[in-house]
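Colleague: These are the residues of each chain, in order.
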Amino acid sequence: MAPRIKLLVGGAVIVAALAWLGFVGFEESKAYYITVDEYHSLKGEIGDKTFRLAGDVVEGSIDRSKPQMEFLIASSETAIKVRYVGSDIIPDTFTDGSKALVEGTIAPDGTFQARNIQAKCASKYEAEYEQRNSS
Amino acid sequence: MANFGNFCLLFALCLSVYALLASLVGASQKQERIVRSAERAVYASTVGITLALLTLLFLLLANDFSSSHVANSSNRALPIFYKIAAIWGAHDGSMLLWCFFTSLLCAVVVYQNRLRYRDMMPYVLAVLMFNLSFFLFLNLFLSNPFTQLVQVFSNGSIQSFIPADGQGLNPLLQHWAMVIHPPILYLGFIGFVVPFAFAFAALATKQLGNTWIRTTRRWTLMTWLLLGIGIVLGGKWAYVVLGWGGYWAWDPVENSSLMPWLVGTAFLHSVIVQERRGMFKIWNMILIALTYLLGIFGTFITRSGIVDSVHAFAASNLGWFFVYFMAIVLAASLYLIYDRRSYLRSERRLDSVLSRESAFLFNNLVLVVSCFAVLWGTMFPVLSEHIQGSKITVGPPFFDGINIPIGLLLLFLTGVGPLFAWHKTSLKSLKKALFWPAIFAAVACGGLLAGGMRNFYSIVCLTLCAFVLTAIIEEFFKGAKVRIRARGESFPLAVTNLTLKNKRRYGGYIVHVGIALMFAGLSGNAFNRETTGQMTIGEEMPVGEYVLKLSGISEGETANYFYGRASMEAYKNGRLVRTLEPENRIFKTGNRQSTTTVALHSTLKEDLYVVYSGSAADSKHQIMAHMNPLVFWVWFGSGVMFFGAIVTLLPDRSRQ
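Chains as they are written, first to last, in the working numbering: chain A, 9 to 143; chain B, 298 to 953.
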């Protein structure tokens, strides 16, 4: 066999193996990423699958008194109750009004069981001034 | 003052656009005079941007909160060190820093080449100025650091507004690694514009020999080095500040810095083949264009808000400009490469699979596949939203699933690649070269299995590390032996002289040693353990081989924040090894954000990583402890890698 062909075959085998590994990992970790508003229209499709839910933490809704922290996450119109069942530290940026991204499933009682919370706060700094500017 | 800053930026933009047009006109009319005026405009533009940057610095130091950037990213009590860092604390100021670095690079390139490559320079200038003008335009019109705050009253009148104090620098950014991380990373993104500009100029002027590669070798290496340092610093910052116990999470912003580094690494290797054998010419052009574009793409991801990330700047409306810019660069590069393809023919064909050339080819293949996988995973949410209508994200199992095998393959190539000869390797010489590395690898593998390790990837990884390290050490030994025999030098002197005589080769080997050590550190990830506890004072908690005892909680405040501090005594085999003091800080500015400060006990074997996240009303204190094996080697390995890269950058003594 010419070296070019050997190389092509070798390369193709490597790429195919990696593509397969990528596909397996992809199937394992893909998850819907939706806002709270979108959830209601996609409810049937999602069922009890894991997905990521993005929204704003409702001011004053964080309840740390229970063994598992609860809070409300909302988009423009609707809110969903979230119960944090994960064991990781809650990120520093998670506060009233921060933008949060929770990952988990919907429990039969309709609360979202979050195994993972990410929060982003940087934009809030700017939003605060914008509001004041236009008041 | 802010108006002066705007004026400086506008001045710089006009000059850079002038330099762009003048260099093109000068090139087409072959008028050196016009090109020279373009070059002077580059210098003047750099002065303008420098003044703009100094203006912003002045506003920050003077606590001028009428400027929105200052009000958003600084406050009176902020230590002066962080006030300087506040320049890049929000996207508008960081873009000014970006422009400043870009213009500085352009000025250096113009100065270095004032007497050289006169036919290529107009095109080099054109590319550099197109790049600079684009970012200056964004900086001036869409992300302006000199915007003034105004108050709009209900009757429609507008008045300037000066808050009593600023919002403060985001507390998460108040850390030394975060202060130096962005500037270093920016240089690591921006610098690739120089080799790209020379590649473009080489295409435009049909001078497609190795000149453009040789003359930009140091730029490429330096940029690659800085990007690497920037990525590692980002990881270090995430590790010690964010408090989740790890340093890499396949976040889109992390990915966007990794992608140009991966393709840049491929480029660094594949140009060697062009220099030595006159092959891979088209491929090198594509790689450098991709590296540059991925750097721009990384900026796009971070600044446009297109992909959600914890690290991204607040969403802004810059997105489409980036898309147009990248489309223009891509189309122009591809057109030129296609048009000049007859000049880019390979001078040789590949003769054997067992050759240095094919090792480089495989290195390139896996690096590019890795980059593509990262790109795919990062952009999939955006793609799926446009195609299917619903946003689907992929997580670490995807990225790890594909990148761990790729990493191991690369590690293997790091070991065997240098053992192959150019052109063709005989099986006999290969067997001889592989003898010791294979023995050490087998010993390492046996030792790990006997020691009870059962994680497949970790065993493969550590075995390969032993293989690579032996192969490289053998190379040093072989070279040193020759010198010792010929000149009677002592061993350390022989190794030093050997390295200094052939910096590219042996510096490269040192980089490879760093890579192997880093991979050894990464393999520890499979054995990370974590424990959380609601602890009362005096209570103990076991973590791996340690026992943590909460001995007390203290509280206090500094000018900048309030803190709660947990004193944790760490015992190993009953002996006190260290008292760790993780903190929980609440900052006085902004929206009273709280941050945790990690306490670390780091040894060669493992890191004990403790976070105190606060206390509940019933005097239970929440403590989280991680046991992360081998993390030290990640930082140490990257240090070795950077040292090796610096060795390859050392100037050559002029030969007489």
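Don't take each hint at face value.
Stated by the list, open to error - Okay, the calculated beta carbon distance ranges per label pair:
#: 1; chain 1: B; residue 1: 621; chain 2: A; residue 2: 89; range: 41 to 47 Å
#: 2; chain 1: A; residue 1: 87; chain 2: B; residue 2: 874; range: 45 to 51 Å
#: 3; chain 1: B; residue 1: 837; chain 2: A; residue 2: 27; range: 45 to 51 Å
#: 4; chain 1: B; residue 1: 623; chain 2: A; residue 2: 25; range: 29 to 35 Å
#: 5; chain 1: A; residue 1: 21; chain 2: B; residue 2: 718; range: 36 to 42 Å
#: 6; chain 1: A; residue 1: 68; chain 2: B; residue 2: 627; range: 46 to 52 Å
#: 7; chain 1: A; residue 1: 12; chain 2: B; residue 2: 330; range: 39 to 45 Å
#: 8; chain 1: B; residue 1: 631; chain 2: A; residue 2: 23; range: 18 to 24 Å
#: 9; chain 1: A; residue 1: 20; chain 2: B; residue 2: 871; range: 36 to 42 Å
#: 10; chain 1: A; residue 1: 86; chain 2: B; residue 2: 358; range: 21 to 27 Å
#: 11; chain 1: B; residue 1: 872; chain 2: A; residue 2: 86; range: 43 to 49 Å
#: 12; chain 1: A; residue 1: 23; chain 2: B; residue 2: 330; range: 50 to 56 Å
#: 13; chain 1: A; residue 1: 20; chain 2: B; residue 2: 949; range: 37 to 43 Å
Keep in mind that the hints were calculated from the coordinates and are not lab data.
Quick caveat: nothing in here was measured; it's all calculated off a predicted structure.
Just so you know, even glycine gets a beta-carbon here, dropped at the ideal spot from N, CA and C.
Colleague: Against this structure, judge whether each hint is valid.
Modeller: These are the hints, each one checked on the structure:
no., hint, result
1, B:621 / A:89: 41 to 47 Å, "holds, 43 Å"
2, A:87 / B:874: 45 to 51 Å, "holds, 48 Å"
3, B:837 / A:27: 45 to 51 Å, "holds, 49 Å"
4, B:623 / A:25: 29 to 35 Å, "holds, 31 Å"
5, A:21 / B:718: 36 to 42 Å, "violated, 24 Å"
6, A:68 / B:627: 46 to 52 Å, "holds, 49 Å"
7, A:12 / B:330: 39 to 45 Å, "violated, 50 Å"
8, B:631 / A:23: 18 to 24 Å, "holds, 22 Å"
9, A:20 / B:871: 36 to 42 Å, "violated, 58 Å"
10, A:86 / B:358: 21 to 27 Å, "violated, 47 Å"
11, B:872 / A:86: 43 to 49 Å, "violated, 56 Å"
12, A:23 / B:330: 50 to 56 Å, "holds, 53 Å"
13, A:20 / B:949: 37 to 43 Å, "holds, 41 Å"
Checked against the numbered hints given earlier, the structure breaks hints 5, 7, 9, 10 and 11 and satisfies all the rest.
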